[in-house]
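Peer 1: Protein chains in written order, with our numbering: chain D, 1 to 118; chain E, 119 to 221; chain L, 222 to 411; chain A, 412 to 756.
Errors might be hidden in some of the hints.
Partial list, derived from the structure: chain D residues whose beta carbon lies under 10 Å from chain A [to be verified]:
id: 1; residue: Phe5
id: 2; residue: Val10
id: 3; residue: Val68
id: 4; residue: Ile101
id: 5; residue: Leu103
Quick list of in silico lysine-lysine cross-link-like pairs, PhoX-like style, CA-CA up to 20 Å [stated by the list, open to error]:
id: 6; chain 1: A; residue 1: Lys501; chain 2: D; residue 2: Lys27
id: 7; chain 1: D; residue 1: Lys27; chain 2: A; residue 2: Lys736
id: 8; chain 1: D; residue 1: Lys112; chain 2: A; residue 2: Lys736
id: 9; chain 1: A; residue 1: Lys497; chain 2: D; residue 2: Lys111
It should be emphasised that the hints constitute simulated quantities derived from the structure, not laboratory data.
Beta carbons are placed, not taken as given, at the ideal position from N, Cα and C, and that holds for glycine.
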Amino acid sequence: MVSDFAAVAVFLIVGVGFVLFTLLLSKIFRPSDPNPIKQSTYECGEEPFGPSWIQFNVRFYIFALMFVIFDVEAIFLFPWAIAYQSLGLFAFVEMLIFISILLFGLAYAWKKGLLKWY
Amino acid sequence: MTVGLPHFLALSAIVFCIGVYGMLTRRNAVGVLMSIELMFNAVNITLVAFAHYITPQDVTGQVVAVFTIAVAAAEATVALAIVLLIYQHHKGIDVDNVNIMKW
Amino acid sequence: MDTFSLAFFVLAFLIVASAIFVVSSKNIFHSAIFLILALSGVAGLFVMLHAYFLAAAQVLIYVGAISVLMIFAVMLTSRIADKEIRHTNEQVGIGLLISGGLLAVILYSLYNTPFTISDQPIAEGAGMTLGRLLLTKFVLPFEVVSVLLLAALIGAIIIARRDTKTGDSVPPRPIPLPKSLQQAKGESES
Amino acid sequence: MLELGGIVEAVGEMISSVMGSLGFGSGMITLMQLLTAALAVISFAAVLTLFLVWMERKVSARFQMRVGPYRVGWQGTIQTVADAVKLLQKEDITPVNVDRAIYFWAPVVTFVAAVAVYVTMPFGEGLIVRDLNIGILYIIAITTFTVIGLLMAGWSSNNKYSLLGGFRSAAQVVSYEVPLAIAILGVVMLTETLSMLEIVHQQSKFYQWHVWRQPLGFIVFWIAGTAEVNRTPFDLPEADSELVAGFVTEYSGMKFAMFFLAEFVNMFTLSAVATTLYFGGWNGPLLPSWAWFMIKAMAGVFVLMWFRWTYPRLRVDQLMGFAWKFLLPLAFLNLILTGLGIHFF
């Protein structure tokens with residue numbers, strides 16, 4: 001119930017507190033001797049060249065958007081799954097329609113060659 | 119003073135108006151989309167608050183909120199795809215400079 | 222002040238403060254992070270309103286999916302050094318006016334509306350009820366959502382895929398073998 | 412006797428009686444109990460990590476016919492403690508070009524997301540902090556924050572390796588999350604509940620373990636889970652030989668340690684969730700319940716380590732293709748089979 005979720009809040013706060021405490025603790029023990037070379041961006045010992053920002057492949061985005069769609073689908077299936085046994089065969093057919101419509105999308109992406117990395 | 123329905127509605131109104139402000143003033147297209155997500159969320163707060171306080175036995179408000187979230191997700195995927203496309207063409211996503219729809 | 226009110230005000234402060242950062246931060250990546258904070262706060266509100274399943278859905282879809290998509294879009298379209306760019310357009314004044322006016326109107330009407338708060342007990346175990354409702358009363362929207370998602374998927378794929386033609390990601394050509402090896406290959410085949 | 416549930420309850424009672432006599436309200440008492448529980452669980456996670464690191468090194472060594480850590484303590488048991496102390500003294504370098512605020516908060520988010528899962532983890536009889544009614548869904552939801560943490564780390568470091576590593580990890584974690592969630596749906600259909608405690612109770616007998624009725628679901632869950640926690644063969648994000656260290660490239664000192672900690676905690680979480688969902692949780696004869704839970708979970712962790720020295724790393728295109736073309740259809744197949752099975756058997 002609602003009060004159960006107070007535990008979540010406490011956990012989040014204690015977790016953050018734990019990390020901050022450890023970082024503080026290490027601040028006491030650790031040396032601090034920064035110099036420009038040490039603080040430069042690491043690039044396998046070479047001088048960093050160019051901006052770190054690279055034009056990334058839009059392909060990453062395509063996987064992310066497919067994830068969004070299927071994640072929403074999974075969320076819709078959760079309440080369905082809980083109530084499944086009490087709903088009977090009708091629910092099964094409903095879900096089958098729901099899934100097959102989305103699987104069509106997956107098949108489309110597959111056919112268009114979007115699931116390939118190249 | 120105990121917190122009740124008006125508090126939730128007022129909070130929702132504030133978040134919604136912040137979203138409106140962001141949508142009107144942001145130059146970055148992704149920023150505009152973020153403001154829209156804020157507005158979606160404000161609406162969801164209202165839906166759930168009404169469902170909780172006015173019809174506690176009926177979870178219809180929550181069902182509608184789930185649909186809102188689904189619609190928001192669909193909207194975000196398409197809108198961000200458009201943003202990326204605009205970026206490819208204009209090398210920037212400043213909404214003030216995107217006027218291809220004018221002609 | 223009871224715990225419920227305290228939790229509400231903490232969350233409200235969190236949400237409003239991060240929402241303001243979302244619309245005003247100069248760095249779009251920071252905006253995205255604050256958006257995540259605001260959305261998580263809204264999930265907290267849902268928990269307070271006994272909408273547990275919805276809170277989980279909020280975190281999973283908004284924080285886990287939509288925000289990740291947003292961050293991807295940010296990473297694909299802006300640089301970390303972009304901080305100095307002007308981030309608002311000339312409409313700041315008008316924007317403030319419109320949103321402030323809207324807020325005033327809403328709050329005014331809110332103040333003058335009597336709500337009939339029900340005193341019935343709250344239905345718990347929403348997951349089960351939600352599932353039953355989805356498949357009985359809301360069965361049509363449930364199926365329509367899948368069509369909507371399909372449309373969004375195909376639409377977004379078609380739009381985002383354009384880039385392959387502009388040469389951003391040409392399929393890699395097979396690397397030609399060095400002359401000596403080509404000869405060797407030819408010999409072995411013949 | 413050896414059951415820890417009683418001890419935990421006694422501690423809770425003690426807190427409540429001591430604070431009650433000092434005149435605190437029930438809210439404060441609950442808060443104090445929760446604080447104690449949270450501290451206990453987080454300390455457990457830290458100690459567990461020390462153990463798991465030692466175990467990883469030992470297991471790896473045995474697979475390669477080496478001895479592994481040996482000098483510090485019996486069989487090198489305190490080696491990781493020494494390492495932790497060393498890490499505590501290490502200089503914490505913040506490169507000049509980083510986005511400082513986000514660079515600082517990224518490890519915090521990652522670590523907190525990893526630990527917050529344990530709110531509703533049934534470690535044994537009576538050893539569950541709170542039995543949330545959305546149990547398993549809560550676990551899936553809270554772990555999504557890990558993605559945010561690593562994207563924050565990747566972006567803020569302002570380093571090519573970090574950015575690419577962050578991108579890759581996010582794409583990977585996100586892709587495997589879908590089959591994972593849909594595999595879990597099979598269990599939810601059988602149990603009609605999301606509560607972790609209830610799921611454990613429903614598998615009190617050996618033959619009731621869900622793995623017997625959900626073999627396909629378990630396989631999908633395990634493979635997707637392995638990818639979620641970035642273990643070999645799915646360890647591309649931090650493939651040291653290609654990407655230096657992925658999104659943690661620029662991190663050093665305790666901030667690095669936090670990522671490390673989160674990674675091992677996540678590994679244990681995967682195994683613990685598998686135990687709860689598929690292997691009857693803490694149920695078992697003779698031994699106390701927490702011991703059974705730990706035995707099963709550790710066996711899972713051992714399998715993960717075994718994977719590491721058995722399978723070669725996947726290529727990035729194989730990785731994505733595997734999730735979408737193979738695992739996702741398989742997860743749906745499992746869902747449909749489960750649906751049919753419930754109705755016809």
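Peer 1: None of the hints should be skipped; say for each whether it holds.
Peer 2: Consistency of the hints with the structure:
1. Phe5: holds (7 Å)
2. Val10: holds (4 Å)
3. Val68: Holds - the Cβ of Val68 of chain D comes within 10 Å of chain A, reaching about 9 Å at its closest.
4. Ile101: Hint violated; Ile101 of chain D Cβ to chain A Cβ min 12 Å, cut 10 Å.
5. Leu103: Since the shortest Cβ distance to chain A is 7 Å, the answer is holds.
6. A:Lys501 to D:Lys27: Holds, at about 9 Å.
7. D:Lys27 to A:Lys736: Violated. Lys27 of chain D to Lys736 of chain A sits at ~48 Å, over the 20 Å cutoff.
8. D:Lys112 to A:Lys736: Holds - the C-alpha atoms of Lys736 of chain A and Lys112 of chain D are around 13 Å apart, at most 20 Å.
9. A:Lys497 to D:Lys111: violated (53 Å)
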